[in-house]
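Using the working numbering, the first residue of the sequence shown is number 1, and each one after it goes up by one.
Incorrect hints may appear among the rest.
[Stated by the list, open to error] Listed below are the simulated BS3-like cross-link pairs for lysine-lysine, each with C-alpha atoms no more than 30 Å apart in a straight line:
#1 LYS64 - LYS3
#2 LYS43 - LYS64
#3 LYS3 - LYS43
#4 LYS86 - LYS43
Hints in this document: simulated from the structure, not taken from any laboratory. For clarity, every value in this text was computed on a predicted model and none was experimentally measured.
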Amino acid sequence: QVKLVESGGALVQPGGSLRLSCAFSGSSFSNYAMGWYRQAPGKQREFVAIITRDGATDYAHSVKGRFTISRDNAKNTIYLQMNSLKSEDTAVYYCKAAFYAATYWGQGTQVTVSS
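Let's have the full structure, built from the sequences with the hints guiding it.
This is the structure:
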């Protein structure tokens with residue numbers, strides 16, 4: 001069964017940077033589109049970024065130009081490089097894997113942006 005494990009969340013000051021990782025196991029990683037979502041307290045989970053099996057990327061407007069999603073098929077891992085962090089980026093960040101109708105989620109990692 002597919003398993004996703006996020007890591008890298010932390011407390012960081014506004015303007016700082018952080019890199020999240022999501023380790024994938026249990027199936028053929030290269031077949032999956034992968035994405036990052038986030039959920040702030042009291043809000044619905046929202047899309048952050050996606051990378052297709054071919055490496056195409058897309059971002060939410062709120063993070064475009066500040067966040068970069070990437071994948072390493074040799075390591076079965078995706079990353080989210082987050083720069084110029086703002087307080088409104090504070091949330092639990094979740095990794096998602098998708099292959100046709102099958103979708104899987106990780107348990108999330110907390111990112112807190114505060115001085």
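In ascending order, which of the hints set out earlier in this document are inconsistent with the structure? none
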